Amino acid sequence: MAQPKKLQPLSDAQLEIMRVVWPREEITVSEVWQAIASKRPVARNTVLTVMDRLVKRGWLSKRCVGNTDLYHAAVSERATVGDVVRRFVDTVFGGSAESLVMALLDGRGVSREEAKRIRKRIDEASAESH
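When we follow my numbering, the leftmost residue of the sequence shown carries the number 5, and every step to the right adds one.
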């Protein structure tokens with residue numbers, strides 16, 4: 005899969021579509037439209053237009069089977085989220101992951117279970133860097 009760093013960042017509407025596409029191997033425009041329309045009003049043609057733009061920009065790939073276009077993610081969700089977080093930390097927190105975590109803790113807090121998972125991941129990351 006392509007790396008998102010080489011691609012234009014996703015708009016909110018594009019990200020909404022990608023969130024529908026990522027869990028599926030392949031999906032049609034109608035299936036994406038139905039998933040989004042179940043949450044908010046949106047025209048099917050709008051979804052089609054955005055998906056075609058995502059293909060042109062390298063975020064989605066498509067193949068035709070009969071009269072049906074099947075779309076799949078050309079960039080993984082994990083790679084995309086990692087890139088978005090890196091850019092966010094660099095832009096908003098001057099590159100400081102610590103500042104991001106402190107803002108999260110001060111502004112939202114974390115549950116006991118979230119804290120446990122975060123501690124585990126920090127321990128794993130520390131072990132990997134040694």
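Keep in mind that the hints were calculated from the coordinates and are not lab data. Because the structure is a prediction, the values reported are computed rather than measured. Worth double-checking, as some hints may not be accurate.
[Claimed, not checked] With a straight-line cut-off of 27 Å between C-alpha atoms, the simulated DSSO-like cross-links for lysine-lysine are:
hint: 1; residue 1: Lys-66; residue 2: Lys-10
hint: 2; residue 1: Lys-10; residue 2: Lys-60
hint: 3; residue 1: Lys-66; residue 2: Lys-43
Fill in: 27 Å limit on alpha-carbon distance, applied to hinted pair Lys-66 and Lys-10
holds, 19 Å
Worksheet item: Holds or violated: Lys-10 with Lys-60, Cα cutoff 27 Å?
Response: The given pair, whose Cα atoms are some 13 Å apart, holds under the 27 Å limit.
Discussion item. Need the status of pair Lys-66, Lys-43: alpha-carbon distance at most 27 Å?
Written reply: holds, 25 Å
The structure shown violates none of the earlier numbered hints.
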